[in-house]
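**Q** Protein sequences, first through last, are from chains A and B. Under the numbering used here, the first residue of the first sequence carries the number 132, and numbering increases by one thereafter. Under the numbering used here, the first residue of the second sequence carries the number -4, and numbering increases by one thereafter.
Since the hints were made in silico from the structure, they are not lab data. Each hint should be verified, as a subset may be incorrect.
Claimed, not checked - Computed list of lysine-lysine pairs in PhoX-like fashion (alpha-carbon distance at most 25 Å, straight line):
| hint | chain 1 | residue 1 | chain 2 | residue 2 |
| --- | --- | --- | --- | --- |
| 1 | B | Lys139 | B | Lys234 |
| 2 | A | Lys243 | B | Lys271 |
| 3 | B | Lys288 | A | Lys274 |
| 4 | A | Lys274 | A | Lys235 |
| 5 | B | Lys300 | A | Lys235 |
| 6 | A | Lys235 | B | Lys271 |
| 7 | A | Lys274 | B | Lys300 |
Claimed, not checked - Computed spacing ranges between beta-carbons, pair by pair:
| hint | chain 1 | residue 1 | chain 2 | residue 2 | range |
| --- | --- | --- | --- | --- | --- |
| 8 | B | Glu230 | A | Val190 | 33 to 39 Å |
| 9 | B | Gly44 | A | Met232 | 29 to 35 Å |
| 10 | B | Gly44 | A | Leu256 | 34 to 40 Å |
| 11 | B | Ile49 | A | Arg275 | 35 to 41 Å |
| 12 | A | Val279 | B | His36 | 39 to 45 Å |
| 13 | A | Arg327 | B | Glu292 | 44 to 50 Å |
| 14 | B | Glu230 | A | Ser156 | 44 to 50 Å |
| 15 | A | Asp312 | B | Ile49 | 54 to 60 Å |
| 16 | A | Thr144 | B | Asp80 | 47 to 53 Å |
| 17 | B | Asp242 | A | Leu256 | 50 to 56 Å |
| 18 | A | Asp270 | B | Glu238 | 46 to 52 Å |
| 19 | A | Met232 | B | Asp242 | 43 to 49 Å |
| 20 | A | Gln244 | B | Gln152 | 56 to 62 Å |
Values in this document were obtained by computation on a predicted structure and should not be read as measured data. Ideal placement from N, C-alpha and C gives every residue a C-beta, glycine not left out.
What follows is the residue order along each chain.
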Amino acid sequence: MIKIKDLKASVETDDGAVEILKGISLDIPAGEVHAIMGPNGSGKSTLSYVLAGRDEYEVTGGSVTLDGEDLLELAPEERAAAGMFLAFQYPVEIPGVNMSMFLKTSINSIRKQRGEEELNALSMLKLMKTKCRELGISDDMMKRAVNVGFSGGEKKRNEVLQMAMLDPKFCVLDETDSGLDIDALKIVASGVNAMRSPDKSFLIITHYQRLLDYIKPDVVHILADGKIIKTGGPELAQELEDKGYAEFVGEAA
Amino acid sequence: MKALKLDNLPTPKVEEWKYTNLPRAISADLVDAPVQEITIHKTRGQICGQAEDILFTGEAGALHSLRLKIILEEGAQLTVLERHDGSGAYWKNMVTEIEVGAHARLNHIRLVEDSGEGVNTNMVHITQGADSLYNGFTLNIGGKLTRHEIHAEIQGQNAELHLNGLNLLAGQQHGDTTILIEHQAPHSQSNQFYRSLLDDNARGVFQGKVHVHQIAQKTDAYQLSNAILLSQGAEMDTKPELEIYADDVKCSHGATTGQLDEEPLFYLRSRGLSEKAARQLLIEAFVDDVVEKIGDEELEARVSKMCRQWLGGVLSIHHKGSKDTKFLKENK
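Turn these sequences into a full structure, and let the hints guide you.
**A** Structure below.
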């Protein structure tokens, strides 16, 4: 499914280019959920932005393929059409664009790129209603501007709603647990779990082990200073929670 | 320049701010242009369901000395639709006098579509009585040079003044909005909300001043100017001013000028929208926020359609894409 090979990326600063990802290799076969855990500044968010195609990060080496297709060659919207989805750590507010209009435009843009017919208003409404109900999202929220005035929980639920509606193959969740209370966390996790299937893969980026209690990963990677320093089973997350990052980072160094 | 008409020049009363005594400066034999004058007068309590629709058409080579008077007596209600068009090069030199009496309500919508070579200078003087409402909206998409100068005097308590505007300018256009609001009575409210989209080498100017007199306690004044520059050559000049002599007031102002934000653009693209579609959606939303202030669905739809047409032209010519991505990076 998704193959990341020796991925290196840097960001331009006032003091010149600074390398943030220093050679990340990762294979996520279809149907698997992988988690990446790491301390602040380890490059977690950079990885998610690089995968989604944000242009302020420059890829300086390596490759990323989704079902054999070179993702790095594609514009962000083409990656979305190829089946890549990023649930943002900080979902962006878009004043003046209401939710239902946004979802409709998004779904039809992707369908159009894939050469599929646009969804008619009725099917769209049905899909929206079903997914909203599953995630406990009110009709009222659909009339509001995208993320404007949403609470932290509403913003994250909205990310999962979009994920559910766009039905991607490969989902990256960037610290989706941050800013969530336990109830919102459960809703978000069950939304993700409902999507798990043999033909989808997930990359869950998180700082804490908490989310992984609700979304059980198949593999856990520890990221530090732009590199994966340890890979293991779900038990690694618990070990990390008990011992803290310092021990692992020290071990690698 | 046998063109100006002495009695169409601003007086000290009208142009209290930065007054130049033109009638004295210009000798009488230089001026003889005819003045075209329109007066709309609604008497006490007259409520007009039908909007007054006025069209000023500029003719090539002409100097138009225009005078528009709108007088609403106590309790009268009216919507005025003031439209401007024209062809060729001309100068419309216009003075507008508006009196909104106590409890009267005036909606004043200006659609400025002057010709690409036309000049439109408009000095507007507004006085408002107690509990009155003036709701102004200007869509400016025409003219080589336009200046819309508003001097509003809020003379009665509890009056409400709204000045909203959209400047959509391209090519070599220059659009100037200059405002002076004087709060001369307590408990009154004023809002200024202007947005500009500037393409090519267009230049926008927004100068807005709120003057709160000492007597005008509990004044609530707000001012906001947002401009988006769509090209390297576009320019926006903004000068907000507050002059406050009362001690119990709420006054604020804000001004932004820049390109479209990258974050929402990336967010939309990550959801499958092309860069062009994402830009269009964001720009339409930027424009719609002001159009919604008109408060009349039919007129809003009409204005919205005009804006869409303008945007359609601009966005299709540019085919943004790589050119603009580069532009954004250079400006970081």
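**Q** All hints are to be evaluated individually against the structure, with a verdict given for each.
**A** Cross-check of the supplied hints:
no. : hint                            : in the structure
1   : B:Lys139 x B:Lys234             : holds, 22 Å
2   : A:Lys243 x B:Lys271             : holds, 15 Å
3   : B:Lys288 x A:Lys274             : holds, 19 Å
4   : A:Lys274 x A:Lys235             : holds, 13 Å
5   : B:Lys300 x A:Lys235             : holds, 21 Å
6   : A:Lys235 x B:Lys271             : holds, 17 Å
7   : A:Lys274 x B:Lys300             : holds, 22 Å
8   : B:Glu230 x A:Val190: 33 to 39 Å : holds, 36 Å
9   : B:Gly44 x A:Met232: 29 to 35 Å  : holds, 32 Å
10  : B:Gly44 x A:Leu256: 34 to 40 Å  : holds, 37 Å
11  : B:Ile49 x A:Arg275: 35 to 41 Å  : holds, 38 Å
12  : A:Val279 x B:His36: 39 to 45 Å  : holds, 44 Å
13  : A:Arg327 x B:Glu292: 44 to 50 Å : holds, 46 Å
14  : B:Glu230 x A:Ser156: 44 to 50 Å : holds, 49 Å
15  : A:Asp312 x B:Ile49: 54 to 60 Å  : holds, 58 Å
16  : A:Thr144 x B:Asp80: 47 to 53 Å  : holds, 52 Å
17  : B:Asp242 x A:Leu256: 50 to 56 Å : holds, 54 Å
18  : A:Asp270 x B:Glu238: 46 to 52 Å : holds, 47 Å
19  : A:Met232 x B:Asp242: 43 to 49 Å : holds, 45 Å
20  : A:Gln244 x B:Gln152: 56 to 62 Å : holds, 59 Å
When the structure is compared with the earlier hints, no violation turns up for any of them.
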